[in-house]
Amino acid sequence: MASIQAERLVKRYNPGAPPAVTGIDFEIADGEFVAILGPSGCGKSSTMRMIAGLETITEGTIRFDGKLVNEVRARERKVAMSFESYALYPTISVYENIAFPLRCRGESSVEIDRQVRQIAETMELAPLLGRRTKELSSGQAQRVGLARALIRRPTVFLLDEPISHLDTRQRYRMRQFIKSIHRDFRTTMIYVTHDQEEAMALADRIIVMSHGDIQQIGTPEEIYERPVNAFVAGFVGEPPINFIDGEVLVQDGEFHFATAGQSFLLPHKVQATPGRMRLAVRPAWLSLGSEADHHLRATHFVTERLQDHNILVVDVGRTRVTLLTDPTVVPQDGQNLYLRLDPDRILLYPPDRSQVAADDDDS
Amino acid sequence: MLQRPVHPAFSTLRYALILLVVLFAAFPIFWMILTSFKPPGDIMVSPPRLFFTPTLDNYVHAIVDKDFLRYVTNTLIVSVISTLFVVVLGSLAAYSFARYNTGDGHILFFILSTKMFPAIAVVLPYFLIFRDIGRTGIGQFLQIGLDKPGALIISYTMFNLPFAIWLLVSFFQDIPRELEDSARLDGLSRLKVLRKVVLPLAAPGIAVTAIFTLIFCWNEFLFAYILTRKTWSTVTVGVESFFTLQGILWGPVAAAATLAVLPMLLFVLAMQRWMVRGLTFGAVRG
Amino acid sequence: MIELKNVTRRFGLTTLAIKGLDLTVQDREFLVLYGPAGAGKSTTLKMIAGIVRPTSGDILRDGVSLLGVPPERRDMAMCFENYALYSHLSVFENLAFPLRARGVADREIQAKVTKIAETLGIPHLLERRPGFLSGGQRQRVALGRAIIRPASTYLLDEPIGHLDAKLRHRMRAELKGMARDLASTIVLTTTSSREALALGDRIAVLDQGVLQQLGTPEEIYHRPVNEFVASFVGEPPMSFLDATAEREGGQTALRLRSGHRLPVGPGWAAPLRDPTCRLGVRAAELSIADTADDRHAVPVTVDQVELLGHVRVVRLSLGQELVAVVVPPERQLAPGQPLWLAIDPARLHVFQDGRAVSHPAMPTVH
Chain A
7 MASIQAERLV KRYNPGAPPA VTGIDFEIAD GEFVAILGPS GCGKSSTMRM IAGLETITEG
67 TIRFDGKLVN EVRARERKVA MSFESYALYP TISVYENIAF PLRCRGESSV EIDRQVRQIA
127 ETMELAPLLG RRTKELSSGQ AQRVGLARAL IRRPTVFLLD EPISHLDTRQ RYRMRQFIKS
187 IHRDFRTTMI YVTHDQEEAM ALADRIIVMS HGDIQQIGTP EEIYERPVNA FVAGFVGEPP
247 INFIDGEVLV QDGEFHFATA GQSFLLPHKV QATPGRMRLA VRPAWLSLGS EADHHLRATH
307 FVTERLQDHN ILVVDVGRTR VTLLTDPTVV PQDGQNLYLR LDPDRILLYP PDRSQVAADD
367 DDS
Chain B
72 MLQRPVHPAF STLRYALILL VVLFAAFPIF WMILTSFKPP GDIMVSPPRL FFTPTLDNYV
132 HAIVDKDFLR YVTNTLIVSV ISTLFVVVLG SLAAYSFARY NTGDGHILFF ILSTKMFPAI
192 AVVLPYFLIF RDIGRTGIGQ FLQIGLDKPG ALIISYTMFN LPFAIWLLVS FFQDIPRELE
252 DSARLDGLSR LKVLRKVVLP LAAPGIAVTA IFTLIFCWNE FLFAYILTRK TWSTVTVGVE
312 SFFTLQGILW GPVAAAATLA VLPMLLFVLA MQRWMVRGLT FGAVRG
Chain C
92 MIELKNVTRR FGLTTLAIKG LDLTVQDREF LVLYGPAGAG KSTTLKMIAG IVRPTSGDIL
152 RDGVSLLGVP PERRDMAMCF ENYALYSHLS VFENLAFPLR ARGVADREIQ AKVTKIAETL
212 GIPHLLERRP GFLSGGQRQR VALGRAIIRP ASTYLLDEPI GHLDAKLRHR MRAELKGMAR
272 DLASTIVLTT TSSREALALG DRIAVLDQGV LQQLGTPEEI YHRPVNEFVA SFVGEPPMSF
332 LDATAEREGG QTALRLRSGH RLPVGPGWAA PLRDPTCRLG VRAAELSIAD TADDRHAVPV
392 TVDQVELLGH VRVVRLSLGQ ELVAVVVPPE RQLAPGQPLW LAIDPARLHV FQDGRAVSHP
452 AMPTVH
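Protein chains in written order, with my numbering: chain A, 7 to 369; chain B, 72 to 357; chain C, 92 to 457.
Derived from the structure by calculation, the hints contain no laboratory data. Warning: the hint list may mix true and false statements.
Some but not every residue of chain A turned toward chain C, in silico, with C-beta under 7 Å [unchecked claim]:
| hint | residue |
| --- | --- |
| 1 | Cys110 |
| 2 | Asp173 |
| 3 | Ala207 |
| 4 | Glu244 |
| 5 | Val308 |
| 6 | Asp314 |
So these bits of chain A aren't anywhere near chain C, every CB distance computed over 12 Å [said to hold, decoys possible]:
| hint | residue |
| --- | --- |
| 7 | Asp36 |
| 8 | Tyr95 |
| 9 | Ser144 |
| 10 | Glu204 |
| 11 | Leu271 |
| 12 | Pro273 |
| 13 | Gly295 |
| 14 | Arg303 |
| 15 | Leu312 |
Dumping the calculated DSS-like pairs for lysine-lysine here, alpha-carbon to alpha-carbon at most 30 Å [claimed, not checked]:
| hint | chain 1 | residue 1 | chain 2 | residue 2 |
| --- | --- | --- | --- | --- |
| 16 | A | Lys73 | A | Lys84 |
| 17 | C | Lys206 | C | Lys267 |
| 18 | C | Lys203 | B | Lys267 |
| 19 | B | Lys267 | C | Lys206 |
| 20 | A | Lys84 | A | Lys140 |
| 21 | B | Lys263 | C | Lys203 |
| 22 | C | Lys267 | A | Lys140 |
| 23 | C | Lys96 | C | Lys110 |
| 24 | B | Lys137 | B | Lys186 |
| 25 | C | Lys206 | B | Lys263 |
Beta carbons are placed, not taken as given, at the ideal position from N, Cα and C, and that holds for glycine.
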């Protein structure tokens, strides 16, 4: 068990190049489950590798329980790590894979057997112990990887994207499983991912990173409801948040938002300044209104019928906007629709200057 | 990875070691070139002389009296044609092994196993075969016979093919199958797929194979020594001819050897980029 | 119309990738092949394309066998899961490749490539080689190359599976819009339930080389033929509870493994062969309350809570079993918290020996 404090943490790989991590501060409480979320190249993996001791710290400090660990070697930090690629040894059995860290420490074989069987029981791996790792499904291989990492009873457990590329059902199962591990072992867990859904579903708190810097730290609710900037707003949420570029105008002392040849009155509580702005609204915060009572006019593009709810994709001017509706709502192609915003949930951000948004994808 | 600053003493030591290895490898070549410019009196003196009046006499002797450039031309013709054969036949065979698993690995193994014979074991049968073919009309027409280029080209092709196929198979295996499938769906015939997709992608690998084959053919001695007499001798045999009954003409030997080495040296230097690319082939994928 | 008739495909002697598959792809339909890894989705697609030959069985187009027709003459376009981009050509040339192969004029190529690059959001990458692109960018090039030329059938093997959430969403809508405009047959594979439901006119659910069910998204979602389809379609996955049917004075009740009794109305008439069965229930069909009432009569405790943005998925433990429920994100719940669960017998799917024996009534769609 350990809490972690990072101060002014910097990682620079080449003296000339911009740093991968640009002086970040965060604290992780003992037993907490924290996700570090961001697109590839945002510095999340460098941060994790510094915590693990696999990477030297260029500047700043990392403390475990208040004790400086900058100079402590990886194997002495009692940190376990599970890799995306499982990193199992193919030539030996599941049992031997799990036992491997204990054998390395020279534990007695009686003790090893006891611990392997115990962890296999908790992780539903008991029937697989005799198998070779190449005979496992990807989900099973991941569980073995986790078991091997956990058997050392680490004080901090780092997970590097362990459930990308699984199918829908396996992802739910795996999430359920990781959560139960956290509950049973009460280890401080850090989960590094580019998948916002995993971060939201699993973590007590999320650290959102981009370009080597922390954008926001908060609970999933805070990150989802009150993203501090357009990057966080756009990165978190499925379906993704809608951005509508427009202009805030003052008419008769009130703020209006104008876009695509139409405008509507902004609620009083929205903090606005006149000029070009980006309005951000989540698909779940939009609803269909009537011609008499609406904020924005739109034309229907496509409807995705997910059976328990529908996703309507509509065009407001040239901007594509999505909203969630009941499964019973099925508009015609090209039909005119009237959108209503939730007055309590309107986010405004400064206008977007760069066009990098489309490039932030990951494999 | 933990990166630590290197102590200056270590870095000095490292360069000293590198220098030592380079000296060890390059000294014979350096000495050969030096000797080729020495007048006869300066060659065999002890201690060796680094400073002397350079002369071109050795080159004149080698080129004019011994007609050494003919050997270079012979070698060039034989090596280039052999290399072409090896690359064309090898690519087709390797593609078939890589893509269709032709012969389920058995044929590939058989071909590789021919590499296990020492050259000396096959050179005598070759001698007899080529002597007999050379006496037939077809043998004379195709220039296959003793002291004829065809005999050398066939031997070199035979001897280099196994290694070339083995090298090329792995290059072809590295090309994802879907690339070809996709091109076929786009409407290309099999042959066109080979030309437009497979060959450009395998080009670095084929180039590496060609370079290795060419170097081998150029430096080959045993076959050339046994299968040629005078007209079609290659550079290696040509150099050997300076070892006369009257004694070894060290100056002209060095000049001839320099002439023999020079084309390959320039060629490899020019192809260096390709060789590195070919050897790290497959880095860009997925 | 493309028909697969009793198609089997083996790889080597032991691996049976496809077992006796019968599948019909209608003209101009969007068919989704949906299943877990190793289900045989890609193999099916490649057999339609003609890249992989069926070991036995026949593949027909409009009643004529396609088996003798090489892929280059099938008039099909395919997008490969591993992208299959030509690393020696620029992105522009990769996109232009299918057009050049058909001798399309340069000017037209220029126009078409520019347009498709625009749609896929990659116009700034046209001069680059594939080796310098990220995975998501490569995938978009691969998709663009598949759809750039007119074809009778488009075969798309997980064309948007490796994109990040934001792009995947955008591309999904684009794909759906494109499908409407193309008026061609599209067969797409995916491992995502959302993608299958969102895109398909019909969905073929495959598992271990066997077709489990073929039907519209409504049929697959509301009338799954077996437990596999039921658990694999829809998010969060359907929960299952073991139960035993009990009869008492003309009244039927279901006894859950937790011991709880669930009286079912007289309208409930699942044709059970024996009393033990498994109940399948969708997360959206369940409701929870803090206190017990007539409907909320099953005591449960909160096991885990996941926020998924617009909904919160709650896993409740009911004895030894787990049940997933969705609640609005405003609802705050903590693990260990006791709650009362309402299970409406009219909304239960009933399974025996893995096969469905009864379904709840279909919801009506206006």
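We went through each hint and held it up to the structure:
The criterion of a C-beta within 7 Å of any C-beta in chain C is not met by Cys110/A, whose closest approach is roughly 32 Å, and the hint is violated. Nearest Cβ of chain C to the Cβ of Asp173/A: about 4 Å, under the 7 Å cut. The hint holds. Interface hint status for Ala207/A: upheld, as the beta-carbon distance to the closest one in chain C is roughly 4 Å, under 7 Å. Contact between Glu244/A and chain C, as hinted, is supported at the beta carbon level, the nearest pair being about 5 Å apart and thus within 7 Å.
Because the closest C-beta pair between Val308/A and chain C is about 4 Å apart, less than 7 Å, the hint holds. With 7 Å as the threshold, the beta carbon of Asp314/A comes within range of chain C, its nearest partner Cβ sitting at about 5 Å, so the hint holds. Chain C leaves Asp36/A outside its interface by the beta-carbon criterion, the shortest separation being 18 Å against a cut-off of 12 Å. Distance check on Tyr95/A: its Cβ is at least 22 Å (rounded) from any Cβ of chain C, clearing the 12 Å threshold; non-interface status holds.
Listed as outside the interface, Ser144/A is inconsistent with that label: its C-beta sits roughly 7 Å from the nearest C-beta of chain C, within the 12 Å cut-off. At roughly 10 Å from the closest C-beta of chain C, the C-beta of Glu204/A falls inside 12 Å, breaking its exclusion from the interface. Once the 12 Å rule is applied to beta carbons, Leu271/A is consistent with being away from chain C; the minimum gap is 26 Å. For Pro273/A, the non-interface assignment is confirmed: its Cβ lies about 19 Å from the closest Cβ of chain C, beyond the 12 Å cut-off.
Gly295/A, annotated as away from the interface, keeps every beta carbon of chain C farther than 12 Å; the closest lies near 18 Å. No beta-carbon of chain C comes within 12 Å of the beta-carbon of Arg303/A; the shortest separation is about 19 Å. Its beta-carbon lying about 5 Å from the closest one in chain C, Leu312/A breaks the requirement of being farther than 12 Å from that chain. Distance restraint check for Lys73/A and Lys84/A: the Cα-Cα separation of roughly 13 Å lies within the 30 Å cut-off, and the hinted pair is therefore satisfied.
Annotation: proposed proximity of Lys206/C to Lys267/C holds, straight-line Cα distance about 17 Å (limit 30 Å). Distance hint between Lys203/C and Lys267/B is fulfilled; the C-alpha atoms sit about 21 Å from each other, no more than 30 Å. For a cut-off of 30 Å, the pair hint linking Lys267/B to Lys206/C stands: about 25 Å separates their Cα positions. Of the pairs offered as hints, the one joining Lys84/A and Lys140/A holds, with about 28 Å between alpha carbons and a cut-off of 30 Å not exceeded.
For the suggested pair Lys263/B and Lys203/C, the alpha carbons sit about 23 Å apart, so the restraint of at most 30 Å is met. Taking the CA atoms of Lys267/C and Lys140/A, the gap is near 38 Å; set against the 30 Å cutoff, the hint is violated. Straight-line distance between C-alpha atoms of Lys96/C and Lys110/C comes to about 11 Å, which keeps the hinted pair within the 30 Å bound. Pair hint Lys137/B plus Lys186/B does not hold up; C-alpha atoms about 35 Å apart against a cutoff of 30 Å.
Of the supplied pair hints, the one linking Lys206/C and Lys263/B holds, its CA atoms being roughly 28 Å apart against a limit of 30 Å.
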